[in-house]
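All chains, full assembly: derive it from the sequences and hints.
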Amino acid sequence: MAPTASLVSITEDDHDVHLYLAYATADNFMGRPVYRNAYCYLHPDAEKALTRASLSARQAGVRLLVFDAYRPAQAQQILFDYAQDPTFVADPKRGSHHTRGCAVDVSLLDENGQQMDMGTGFDAMQAESFHFCAGLPAQVQKNRLMLLGIMLSAGFQHIPSEWWHYQLPGAMQYPLIEDGAGGVPKLMD
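Just so we're aligned: 33 in the numbering used here is position 33 of the sequence shown, and the numbers increase by one with no gaps anywhere.
Simulated from the structure, these hints should not be mistaken for laboratory data.
Subject to a maximum C-alpha distance of 16 Å in a straight line, what follows is the list of computed EDC-like cross-link-like pairs (lysine to aspartate or glutamate):
{"hint": "1", "residue 1": "K48", "residue 2": "D14"}
{"hint": "2", "residue 1": "K142", "residue 2": "D110"}
{"hint": "3", "residue 1": "K142", "residue 2": "D117"}
{"hint": "4", "residue 1": "K48", "residue 2": "E12"}
{"hint": "5", "residue 1": "K48", "residue 2": "D16"}
{"hint": "6", "residue 1": "K93", "residue 2": "E178"}
{"hint": "7", "residue 1": "K142", "residue 2": "E128"}
{"hint": "8", "residue 1": "K48", "residue 2": "D13"}
{"hint": "9", "residue 1": "K93", "residue 2": "D81"}
Using C-beta positions, here's what the derived DEER-type ranges look like:
{"hint": "10", "residue 1": "A127", "residue 2": "S153", "range": "22 to 30 Å"}
{"hint": "11", "residue 1": "D91", "residue 2": "G61", "range": "34 to 42 Å"}
{"hint": "12", "residue 1": "H18", "residue 2": "Q157", "range": "18 to 26 Å"}
{"hint": "13", "residue 1": "E178", "residue 2": "G61", "range": "34 to 42 Å"}
{"hint": "14", "residue 1": "E178", "residue 2": "D81", "range": "15 to 23 Å"}
Ideal Cβ placement from N, Cα and C applies to all residues, glycine included.
Following this line, the structure appears as C-alpha cells:
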C-alpha cells in the first residue's frame with residue numbers, strides 16, 4: 001500500500017501549468033458544474049510527476065493544460081450516475097484513480113497559449129477519444145503522441161480509452177481519499 005499523504009495543491013505559478021478545471025464549469029460532458037470551487041490537488045507522488053511533465057512540456061515549447069486531478073468520491077458518484085459508462089467513468093464502488101489523487105486529465109497548449117488539436121474535446125465519450133484511434137488527422141496523432149511522450153517520460157501511464165487521462169503506475173495501491181480528508185476541503189455542495 002502506498003502511504004497515505006496529504007494532497008498537494010497544484011497552482012499555475014508553482015507548477016507552470018494552466019488550470020482549467022472543467023468540472024468547476026459547465027464545460028464538461030454533464031453541461032453543468034460538479035465542483036463548487038476550482039481546487040486542484042494531487043498526491044505528492046503525482047505532484048512530483050506533474051512537475052517533471054511540466055518541465056518537459058516547456059522544453060518542447062508547449063505548456064500543460066490541466067482539466068482535472070483529485071476528484072472527491074461524491075463527484076465521482078455524480079459523474080458515474082450521469083454517464084453510466086465504465087469505459088470512461090470508473091465505478092465509484094471500485095474507486096477512481098482520481099479519487100486516490102494519483103490521476104490527472106491534461107492536454108497541451110501551443111506557444112500562443114491555444115489548446116492543441118487532440119481530435120476530440122476533453123471527456124468526449126466516443127471511439128475517437130481512444131489514444132490510438134485510426135483515421136484521425138496526422139496533426140492530431142502528432143499532438144497526442146507529444147502529450148503521451150511528455151507524460152510517460154515524467155512517470156505517468158496512460159489508459160487506452162482517454163487521450164487526456166494519465167495516472168501513476170500501481171494506482172490501485174494508493175488509498176481512496178474520502179471527501180474532506182488529506183487536508184483538502186470538501187469540494188461539493
